[in-house]
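Residue numbers (my numbering), protein chains in the order written: chain A, 1 to 114; chain B, 1 to 112.
Simulated from the structure, these hints should not be mistaken for lab results.
You may find that some hints are simply not true.
Stated by the list, open to error - Here are a few chain A residues that face chain B, going by a calculated C-beta distance under 8 Å: (1) I5; (2) L43; (3) F65; (4) F74; (5) P84; (6) A88; (7) F91; (8) G106; (9) N107; (10) G108.
Heads up, the beta-carbon is just placed ideally off N, CA and C, and yes, glycines get one too.
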Amino acid sequence: DAGVIQSPRHEVTEMGQEVTLRCKPISGHNSLFWYRQTMMRGLELLIYFNNNVPIDDSGMPEDRFSAKMPNASFSTLKIQPSEPRDSAVYFCASSLEAYNSPLHFGNGTRLTVT
Amino acid sequence: GEDVEQSLFLSVREGDSSVINCTYTDSSSTYLYWYKQEPGAGLQLLTYIFSNMDMKQDQRLTVLLNKKDKHLSLRIADTQTGDSAIYFCAENPGGGADGLTFGKGTHLIIQP
């Protein structure tokens, strides 16, 4: 079974550029989560979707960050304009919309903004 | 607030048992989880325990839950070099399907 697929695996960009991270959840999962991982802050939930609808985006750092889920099999996280402090590993995870449904993580996108 | 706390590092000798501890804050969490993260990879679900249980065993893994003290531990018996990873404790605040709150992770270091 294919797990959660994220692309690209690595992204290096210059400050001010737009960055788009992509995620394909596990087929049949109807909840999707975006997390950011840094050494200082650990794993932070940025936003999550249920049935393609954003439910809680309170973790999104600021207006430079936006996320969409146009259909059940695809989501994007966009940063525009990017800043060096956005450098982190960004994880996408999906789950069934149910109590005790564990999260299944992708392998992450390592973003470096210079 | 909702905080999950873990120590950052644990060093053990190969063959010994590893015990990773975690405290959480939300007493309404219905499940508590342990995830494992190997270098360059995402988090993999290792095991989980329902909040009305106090112990769960799965091969070399033993999870202990003290709900009164909101304390969770993961014991790995006969620790191997392949167990070297970061281990994350997580709770589901409110018991719902709104995502998990993770600790900062414990780096398990195996000494030969």
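Outcome of the hint check:
no.: 1; hint: I5; verdict: violated (11 Å)
no.: 2; hint: L43; verdict: holds (4 Å)
no.: 3; hint: F65; verdict: violated (16 Å)
no.: 4; hint: F74; verdict: violated (18 Å)
no.: 5; hint: P84; verdict: violated (22 Å)
no.: 6; hint: A88; verdict: violated (14 Å)
no.: 7; hint: F91; verdict: holds (6 Å)
no.: 8; hint: G106; verdict: holds (5 Å)
no.: 9; hint: N107; verdict: holds (5 Å)
no.: 10; hint: G108; verdict: holds (5 Å)
In this structure, the earlier hints numbered 1, 3, 4, 5, 6 are contradicted, and the remaining ones agree with it.
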